[in-house]
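Undergrad: This is what each chain is made of:
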Amino acid sequence: AVVLVQTAVGKTVQAAIPEAAVIPDDPTKKQGPLPSELGTRSAYEKPVRKPSDTSSRTPLQDLYGTITPADLHYERHHGGVPTINPEEYELYIHGLVEKPMKFTLSDLKRFPAFSRICFLECSGNFRSNPAGKITPQEIAGLTSQSEWTGVLLSTLFREVGIKPNATWFLAEGSDAAVMTRSIPVKKGLQDGMIAYAQNGEAIRPEQGYPARLFLPGWEGNTSVKWLRRIEFSDAPFMTREETSKYTEPVKDGKIRQFSFDMDARSIITFPTYPVQVEKGWIEIRGIAWSGRGKITKVEVSTDAGKTWQLARLQDPVLDKAHTYFRHLWQWNGTETEIMSRAVDETGYTQPTFNQLVAARGDNKGGYHFNPITTWLIQWDGQVLNKPDK
Amino acid sequence: AVVLVQTAVGKTVQAAIPEAAVIPDDPTKKQGPLPSELGTRSAYEKPVRKPSDTSSRTPLQDLYGTITPADLHYERHHGGVPTINPEEYELYIHGLVEKPMKFTLSDLKRFPAFSRICFLECSGNFRSNPAGKITPQEIAGLTSQSEWTGVLLSTLFREVGIKPNATWFLAEGSDAAVMTRSIPVKKGLQDGMIAYAQNGEAIRPEQGYPARLFLPGWEGNTSVKWLRRIEFSDAPFMTREETSKYTEPVKDGKIRQFSFDMDARSIITFPTYPVQVEKGWIEIRGIAWSGRGKITKVEVSTDAGKTWQLARLQDPVLDKAHTYFRHLWQWNGTETEIMSRAVDETGYTQPTFNQLVAARGDNKGGYHFNPITTWLIQWDGQVLNKPDK
Amino acid sequence: SQTTSKSSASSLISAAPVTKADSPEWPSTFGFGKPATPQEIALLDIDVRPDGKGLPSGSGTVLAGKAVYAVKCAACHGKTGVEGPNNRLVSVAENEAAGTESNKEKTIGNYWPYATTLFDYIRRAMPFNAPGSLTNEEVYALTAFLLNANKIIPAEASINAETLPKVVMPAQKLFVPDDRKGGPEIR
Amino acid sequence: SQTTSKSSASSLISAAPVTKADSPEWPSTFGFGKPATPQEIALLDIDVRPDGKGLPSGSGTVLAGKAVYAVKCAACHGKTGVEGPNNRLVSVAENEAAGTESNKEKTIGNYWPYATTLFDYIRRAMPFNAPGSLTNEEVYALTAFLLNANKIIPAEASINAETLPKVVMPAQKLFVPDDRKGGPEIR
Ligand code: HEC
Ligand code: HEC
Ligand SMILES: [Ca+2]
Ligand SMILES: [Ca+2]
Ligand SMILES: [Ca+2]
Ligand SMILES: [Ca+2]
Ligand SMILES: [Ca+2]
Ligand SMILES: [Ca+2]
Ligand SMILES: [Co+2]
Ligand SMILES: [Co+2]
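Residue numbers (the numbering used here), protein chains in the order written: chain L, 0 to 388; chain U, 0 to 388; chain A, 6 to 192; chain P, 6 to 192.
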């Protein structure tokens, strides 16, 4: 992993783990390995996800752009990662359709294809730590971004002929949880797709190999992986994942259901715990995204929220995509707090923890919890997460 | 690798190699592996580069989008891949500057960063085969695309203060070839960068770990990898790679030098040799790119060049970037030739082989050779490359 | 979007259409894929809806469910469905509002809006280490047992395709559709 | 580009500046990095320009070069620089234009525009399997030997920092700068 080193003068920026590797004193004097079939990482670079029993989190603080390397894409599944033979794979589409059909993987690839760079995020993407010793990976590592390629649902839906009373469809996976979610047909027609490729290559097993549903901007769980079946219906199916899970208590004892859209969010990924910085120029960096469209601006505060300044956004700023932001700041060595907030094209501004609690009741955390993340810069340059309470 | 399978009815679309893997009869009845630190490819997918002694080519026909997975990025080097300890890495900038400086990798990462999705292409990216049994990988696999992140040269140049008479700089690598190229300062200021990251993670060893020059749209060799030194000068240094190599004989016995820009080019990547297709709808797919800016259109001919139709371009269409094109075609089963040509925002149209030979003299192939690639569809659906002559 | 230009080397710059969605000009069918037969579909079509559609024949009692539970479920969910180590299946303070500090555990009794979901989920996903291994009778019985343990149905109830959709779950009235719409308001 | 807004939850949609290049508003120096001393630079500064800048002291003769060549180069480039297996170093038909069918091999004699490049390249990259291992004297000698083998300098010539930049290479007159400019014309 990229770790942080403290040099003599205290310069602490993302740097790599040194290794007792066999390296020449002077690489210009020794011919290196010849071209190969597959490249590998430098032995000095060991980025890793952070796995638990149910998920594995992307090391946001170790990444430099918006594409997540496929092997670092976050994982979340409910019955482990199934092994599926692509030769035997079939997708069934039935229910309220004119022509119930089944498609092999080759069939899916023959249809006109579509690609987009888009984030995916688990709606349970929030953690905190009372001591502030928590990294961006631990707080918000259940989001990643890829270039997805596949066939649009609108293309497949026309092929099977959906009936006028079909308003929802069930998406079912072929994992051990036989994961199911009910999806409004409208979303499918708008921008849903069946993705079979990720960052140029076949989708990875953890991301749904050989094919998954992909619903841009919606909570990750709805983009059912290892998709084996789509059934059209005139009502939602009320599966466990859209009732017992992926719903959230809100005000007045109510429980919010079918909360698909991922609200706009941002997080600073540098400087963050466990970095120690020094006085002078610091480029504050992070990512911002919204499930409702493009990010229009990211504001950064370096004085604990008193004033806010516009961060620079890295183009291209894409629809429903991680957008890199950067903000140049001169730290004078006094203790302060830095934070970022995203604004999307609907005019939504990422709220504070207290704004969320005020709006939703005393349920702190849970699904769709997207508060501003604050980082405390101590007098000695040590960065800590500021716990919300 | 993704290979092509001939099913009973002859459907032949990119499909994966079956393996004698231990897979459950029904993946819904067996819990799969839990979340992990690093993902891997499906055991059914084995894309590989095609290595020679001096280069290794990206499997263009196996890719689905515009991002090249880092381990499949093409390789070209002149002394093998050096192993460089990032803790010991230093970049020197000197010559016609106010302040000769050296920067560690951490120093480079502290400067304001910049990212862009951009192709890279070796100017020697052309091969042919008299029997037509040649894949897109073999013809044009010395181009790949990544999201690159680093520091802009303009930022570093201001830091060292370049003198008014500095018109060129030498870029020198720390590989066994101690690779050197002379670059006009103007290009450096325009959009040059020192890249230390690729597709979100640290740049890979074959691509210049821990830091390389990156000159958008220019022949790959100028983007010197494993960069150790930049020296400003008032004239080019006339290194071996810009005299004996990376120059091309043109008309009247002349030799063209400092031909940096990569001319607009496109190649169909599906259907191509060794695919066999069948009658009916076929989505013709490929990539187009230009070193001079954006692709404005790609035209596809399915009648051996008699008529041309506009292909659909996948947005976002980015500056100096591989742009995916797709064209829907109904093949009636008669023998024909299909081909694509790219047009860029300067109005340049990718030429035919004969147009290039007419313009440059009888030197066929060599550097900066970007002819239209033609694929012959035989009566039985077998696709062959049509050799140019 | 398939305009034909006869020029052999046009120098006009004209923006090409970008692929935003599929096109109404495309054929109404590409002819890829095969018809799925009712028999093929039936093998996969295991879902159960709140109105009972999808429920198989058969039935189960609380008593029968208790026996299956002890053998196949208790190890993970606890002797009485409360102890864990995995998800609590039985509400301990069913009068307290879901999600409050004193009743953080969301269970069948206080959080599940439809009884059919229980049948559907157990059949597709449990036991966690042997999913898809239960008979329909076992699933009916476990459903009955868990509904009774959560004080939703009486001990003598029998659960089948007729009775299950009629069970009204305590939490159903709490569920409201998402009212977030983007825009300035925080919801 | 660092406009300050005091709003705590602004709902105005305003396009933020995008990072296209570095900004003139940025500080003239960030203070990262360290000064490079002349001694440090000298250790790396091995390039040689056509005007001779960068050439070290020392010299070499054709005869001395012949001896070094036989031991350290001939295995890869052939006994007389023609046979290979690696790049041909000596022109066999130096009167024929470079790149023609009958003389495809581009060599020092027919294709290299500057003699200084030879010194620079051999010193930095050859022998391929032991780059950076030659003394300056050896490099001068090998340069002399290869220039003579290509009939560019006489057998008795000595090559040093004075004489090398003055050697006029046959191919120099052939080199023209790139005239491609984009636009419709094919060049
Ligand atoms: C080997 C451990 C294990 C066994 C045995 C097991 N379960 Fe589970 N059960 C789990 C886990 C783990 C989950 C959570 C799965 C998830 O969230 O994806 C769970 C979830 C559940 C849930 C959903 C709880 C909720 O509130 O959403 C129900 C209901 C359930 N199990 C019932 C059963 C029944 C009935 C059996 C026996 C037939 C059983 N389980 C056997 C581990 C087990
Ligand atoms: C182990 C093999 C090997 C040995 C020994 C070797 N060379 Fe080379 N030489 C090569 C290869 C391979 C290349 C091509 C490198 C490239 O293109 O990147 C080359 C290229 C050259 C070139 C450039 C040719 C051109 O037209 O661009 C010169 C000059 C040269 N070698 C000189 C020498 C001299 C002088 C020696 C002895 C000191 C030597 N070589 C020893 C393998 C060798
Ligand atoms: Ca999820
Ligand atoms: Ca310090
Ligand atoms: Ca190259
Ligand atoms: Ca056929
Ligand atoms: Ca059904
Ligand atoms: Ca120099
Ligand atoms: Co939700
Ligand atoms: Co060139």
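Watch out, some of these pointers could steer you wrong.
Okay, derived cross-link-like pairs now, DSS-like style, lysine-lysine, Cα gap no bigger than 30 Å in a straight line [unchecked claim]: (1) P:Lys156 - U:Lys185; (2) P:Lys58 - U:Lys186; (3) L:Lys132 - L:Lys186; (4) U:Lys185 - L:Lys29.
Incomplete in silico selection of chain A near chain L, CB under 8 Å [said to hold, decoys possible]: (5) Asn91; (6) Arg93; (7) Tyr126.
Pairwise CB distance ranges, derived in the manner of DEER restraints [to be verified]: (8) A:Lys58 - L:Gly160: 48 to 56 Å; (9) P:Thr42 - L:Gln381: 30 to 38 Å; (10) A:Val173 - L:Asp302: 51 to 59 Å; (11) U:Gly279 - L:Pro32: 40 to 48 Å; (12) L:Asp302 - U:Glu36: 18 to 26 Å; (13) U:Lys162 - P:Val181: 25 to 33 Å; (14) L:Ala303 - U:Leu188: 34 to 42 Å.
What the hints contain is simulated information worked out from the structure, not anything from laboratory work.
Just so you know, even glycine gets a beta-carbon here, dropped at the ideal spot from N, CA and C.
Undergrad: Does each hint hold? Answer for all of them.
TA: Tested hints:
no., hint, result
1, P:Lys156 - U:Lys185, "violated (39 Å)"
2, P:Lys58 - U:Lys186, "holds (24 Å)"
3, L:Lys132 - L:Lys186, "violated (39 Å)"
4, U:Lys185 - L:Lys29, "violated (34 Å)"
5, Asn91, "violated (10 Å)"
6, Arg93, "violated (11 Å)"
7, Tyr126, "holds (4 Å)"
8, A:Lys58 - L:Gly160: 48 to 56 Å, "violated (21 Å)"
9, P:Thr42 - L:Gln381: 30 to 38 Å, "holds (33 Å)"
10, A:Val173 - L:Asp302: 51 to 59 Å, "holds (54 Å)"
11, U:Gly279 - L:Pro32: 40 to 48 Å, "holds (46 Å)"
12, L:Asp302 - U:Glu36: 18 to 26 Å, "violated (38 Å)"
13, U:Lys162 - P:Val181: 25 to 33 Å, "holds (28 Å)"
14, L:Ala303 - U:Leu188: 34 to 42 Å, "holds (38 Å)"
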